[in-house]
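Colleague: Protein chains in written order, with our numbering: chain A, 13 to 472; chain B, 13 to 472.
Note that these hints are calculated values from the structure, not bench results.
If you're wondering where the values come from, they're calculated on a predicted model, not measured in any experiment.
By construction, the Cβ of each residue, glycine as well, lies at the ideal position given by its N, Cα and C atoms.
Take the hints with a grain of salt, since some may be wrong.
Just a few of them, taken from the derived set where beta-carbon distance is under 7 Å, the chain A residues facing chain B [what the hints assert, rightly or not]: (1) F156; (2) S229; (3) D230; (4) L429; (5) Y446.
Number of protein chains: 2
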Amino acid sequence: MQVKVMLEENEMPRQWYNLAADLKTPGLPPLGPDGNPISPDMLAPVFPMNLIEQEVSQERWIDIPEEVLQLLYRWRPSPLYRAHALEKALGTPARIYYKYEGVSPAGSHKPNTAIPQAWYNKQFGIKKLTTETGAGQWGSALAFAGALIGLEVKVYMVRISFDQKPFRKMMMQTWGATCIPSPSPYTQAGRDILARMPDTPGSLGIAISEAIEEAVSDPTGQTRYALGSVLNHVMLHQTIIGLETKKQLAKINEKKVDVIIGCAGGGSNFAGLAFPFVNDKINGANIDIIPVEPSSCPTMTKAPFVYDFGDTAKMTPLMPMHSLGHGYIPPPIHAGGLRYHGIAPLVSHAINEGLLNPLAIQQLECYEAAVKFARTEGIIVAPETSHAVAATIREALKAKEEGKEKVILFNLSGHGLMDLVGYEKFFAGELQNYEMPLEVIQESLKELDGYPKPPAMTNA
Amino acid sequence: MQVKVMLEENEMPRQWYNLAADLKTPGLPPLGPDGNPISPDMLAPVFPMNLIEQEVSQERWIDIPEEVLQLLYRWRPSPLYRAHALEKALGTPARIYYKYEGVSPAGSHKPNTAIPQAWYNKQFGIKKLTTETGAGQWGSALAFAGALIGLEVKVYMVRISFDQKPFRKMMMQTWGATCIPSPSPYTQAGRDILARMPDTPGSLGIAISEAIEEAVSDPTGQTRYALGSVLNHVMLHQTIIGLETKKQLAKINEKKVDVIIGCAGGGSNFAGLAFPFVNDKINGANIDIIPVEPSSCPTMTKAPFVYDFGDTAKMTPLMPMHSLGHGYIPPPIHAGGLRYHGIAPLVSHAINEGLLNPLAIQQLECYEAAVKFARTEGIIVAPETSHAVAATIREALKAKEEGKEKVILFNLSGHGLMDLVGYEKFFAGELQNYEMPLEVIQESLKELDGYPKPPAMTNA
Numbered sequence: 013m014q015v016k017v018m019l020e021e022n023e024m025p026r027q028w029y030n031l032a033a034d035l036k037t038p039g040l041p042p043l044g045p046d047g048n049p050i051s052p053d054m055l056a057p058v059f060p061m062n063l064i065e066q067e068v069s070q071e072r073w074i075d076i077p078e079e080v081l082q083l084l085y086r087w088r089p090s091p092l093y094r095a096h097a098l099e100k101a102l103g104t105p106a107r108i109y110y111k112y113e114g115v116s117p118a119g120s121h122k123p124n125t126a127i128p129q130a131w132y133n134k135q136f137g138i139k140k141l142t143t144e145t146g147a148g149q150w151g152s153a154l155a156f157a158g159a160l161i162g163l164e165v166k167v168y169m170v171r172i173s174f175d176q177k178p179f180r181k182m183m184m185q186t187w188g189a190t191c192i193p194s195p196s197p198y199t200q201a202g203r204d205i206l207a208r209m210p211d212t213p214g215s216l217g218i219a220i221s222e223a224i225e226e227a228v229s230d231p232t233g234q235t236r237y238a239l240g241s242v243l244n245h246v247m248l249h250q251t252i253i254g255l256e257t258k259k260q261l262a263k264i265n266e267k268k269v270d271v272i273i274g275c276a277g278g279g280s281n282f283a284g285l286a287f288p289f290v291n292d293k294i295n296g297a298n299i300d301i302i303p304v305e306p307s308s309c310p311t312m313t314k315a316p317f318v319y320d321f322g323d324t325a326k327m328t329p330l331m332p333m334h335s336l337g338h339g340y341i342p343p344p345i346h347a348g349g350l351r352y353h354g355i356a357p358l359v360s361h362a363i364n365e366g367l368l369n370p371l372a373i374q375q376l377e378c379y380e381a382a383v384k385f386a387r388t389e390g391i392i393v394a395p396e397t398s399h400a401v402a403a404t405i406r407e408a409l410k411a412k413e414e415g416k417e418k419v420i421l422f423n424l425s426g427h428g429l430m431d432l433v434g435y436e437k438f439f440a441g442e443l444q445n446y447e448m449p450l451e452v453i454q455e456s457l458k459e460l461d462g463y464p465k466p467p468a469m470t471n472a
Numbered sequence: 013m014q015v016k017v018m019l020e021e022n023e024m025p026r027q028w029y030n031l032a033a034d035l036k037t038p039g040l041p042p043l044g045p046d047g048n049p050i051s052p053d054m055l056a057p058v059f060p061m062n063l064i065e066q067e068v069s070q071e072r073w074i075d076i077p078e079e080v081l082q083l084l085y086r087w088r089p090s091p092l093y094r095a096h097a098l099e100k101a102l103g104t105p106a107r108i109y110y111k112y113e114g115v116s117p118a119g120s121h122k123p124n125t126a127i128p129q130a131w132y133n134k135q136f137g138i139k140k141l142t143t144e145t146g147a148g149q150w151g152s153a154l155a156f157a158g159a160l161i162g163l164e165v166k167v168y169m170v171r172i173s174f175d176q177k178p179f180r181k182m183m184m185q186t187w188g189a190t191c192i193p194s195p196s197p198y199t200q201a202g203r204d205i206l207a208r209m210p211d212t213p214g215s216l217g218i219a220i221s222e223a224i225e226e227a228v229s230d231p232t233g234q235t236r237y238a239l240g241s242v243l244n245h246v247m248l249h250q251t252i253i254g255l256e257t258k259k260q261l262a263k264i265n266e267k268k269v270d271v272i273i274g275c276a277g278g279g280s281n282f283a284g285l286a287f288p289f290v291n292d293k294i295n296g297a298n299i300d301i302i303p304v305e306p307s308s309c310p311t312m313t314k315a316p317f318v319y320d321f322g323d324t325a326k327m328t329p330l331m332p333m334h335s336l337g338h339g340y341i342p343p344p345i346h347a348g349g350l351r352y353h354g355i356a357p358l359v360s361h362a363i364n365e366g367l368l369n370p371l372a373i374q375q376l377e378c379y380e381a382a383v384k385f386a387r388t389e390g391i392i393v394a395p396e397t398s399h400a401v402a403a404t405i406r407e408a409l410k411a412k413e414e415g416k417e418k419v420i421l422f423n424l425s426g427h428g429l430m431d432l433v434g435y436e437k438f439f440a441g442e443l444q445n446y447e448m449p450l451e452v453i454q455e456s457l458k459e460l461d462g463y464p465k466p467p468a469m470t471n472a
């Protein structure tokens, strides 16, 4: 009874897969607030040119540099598990597989892109990276990459998380990164906010503004900014997850996957597993590909396709994506990584082309699923990942009802050992569901009045 | 440049190695307080007979049941890493390797014995296991094993840890175990203590008493007790670590290890890596084998070889071991897993036969080493493991001074993601060293006056 499928070092994928090359319609460019496209050159103060090239590339396959492969090999290829115990507990005829990304030293999939981003910056002569982080998953992954590659890393962490969730801050410090609460007195953006709202808990939007400001205002030109999701090159780097999975499934002669599931906040862990299979779907395969979001932040299931800013402070270009509006503040669910107002342009694009079937699930169902998973499969998943587990259980029970031997695959994007408080609150009955009324979303979207709109698209 | 060596499923060791078979002199039996040996039958209310047989076995090799192998395979074989980055940072000609046990879902080596212990109990018809835990590493490992194997698990957790270190308690609950603060009102031992000292912070000794009492007083006879270190069968189960390592070293043609290092509290992670190499040493190999302990709890470097109880409440048999006295209370260092008054009888025995070279290191040197390790190799180690890292750095620098290409191997017994507060205190300058004055130890050992003494032994 095979429970785990591994790959050898020499079986690691040598190239990343770029979905942009295979979509029917071309992607829309990011825009300035004036409605004019942002050219690659205009991004040069923020990102190194080698990453900007990846961001706009239309090549289907992009080589993974050998040194990056060696660094990824420290914890990759990650294991693919067959969930025999969960299947048995559900009494389902479905075969359930999960790819386990919690084996990285930072505990999630985030280092898959932190490592190449740090490496390309280093190649480009950059000495220091700035970034923002909410609960700290991305900040700690970039700190880890900075330690391995030899780059200074500075993380602006949303103040309320900095104060209330100190553990990932300690991880960053241990890896040698500087982590400071945002808003801070070290940037103009931070000082302006502090002058107006000295007691603000901070926000991702403010932290992004501070991180970008610090990057672009370094007089030596040796500082750049790094982002952990949403952008095309981040999706690209994560496709190693799905490419490995394909090889693992082939090893055990599992020829056809029927359902693919991943949780989606910015979209990168979902895209990482799913995009190589989206390619199969484009080529005719019958696969149900499901990105799962929390009902409290229904970007994919309730939000229109618009041009919106990536941050609340409107520092970023306008990006073509499904968005609840950059001012939308999701309820305080424990899956902090899924509390983002938009979803990656590439994921949005694939939704618009009818390639994905997004789903929203409530928090309580997700925790219930995660507890069942821990008590059968033995892994405590991150609150974000619990959304993928809940969707998987739904699909497995559907297969049971239909009496079908479906093959279901999901991405176990990270372990939950740093997020146990959510479980404790669940057991104590202190968590609740949130359904966002459409009016709240409509109100939030009014902020986009007067900004450019994307051309009407199918399913948009 | 090879950074990681893996093994395939079919390369997993099929047998555990029992050092007891190869020691020159026979081991001393555990004794009752009256000085009479404890027979296997007398242990039957506490442990299932199949584990008692392992505890007293003199067989060199003991088969690992196929089902246990399948469960261990969920995260094993664990990776063996070459520490290129640390070597480079130290400028040492030594080749440094580490076996990484933090890949288990509980984050340490503890599940290597929790799984077989739970399995043998289940085979024997047992329905429920009781145990004690301090900081919670062992309790969470047993909870994990109980979830996978289908046994009820009840953990008595030292009250002060239960209150101050809630995260491993939450892990246990998520895996379905019951975790209650000790002393509790549910046992006679607990009630007695609470009556005398209602505000006691608890102790491992009290928690052991409660766990054993609950096990032996189950009228159905379907409850047993499980211990996470010290005993012979625990050392046995952990040898899978060293046996895998030997195969991994052979794969990369590394023929001879010069120095082997592991941290030692009860002794099980050290024994797990080292015992298969102790066998080589007995057969003539020139290897320096170093168990490392904190200077604040110098069981191996300052304590005599005596008969002592395993717990402060004197519920256990008298065991032949190096001990600071069962009443010894170590200073509050962060490596909670190394704060034990004794060291496993088998490790004690190997010390007495001159096979090991124990070393004590202070807390601050250990944290400094752990930070260097995190910033070069990218893994944040547990505070216990930091002792092994510090000893490794000492040996690597010695090799540099001597200009020798030594091969150094250490056991990275667990990650530190649940123990980041220690790192934060280290950075804040709030930690200190502790040296235990000999007089304190001598005073503590007076508690053993009037109990049986072991016969005089070499090096004892």
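Colleague: Going through the earlier hints one by one, which of them does the structure break, listed in rising order?
Modeller: 2, 3 and 5
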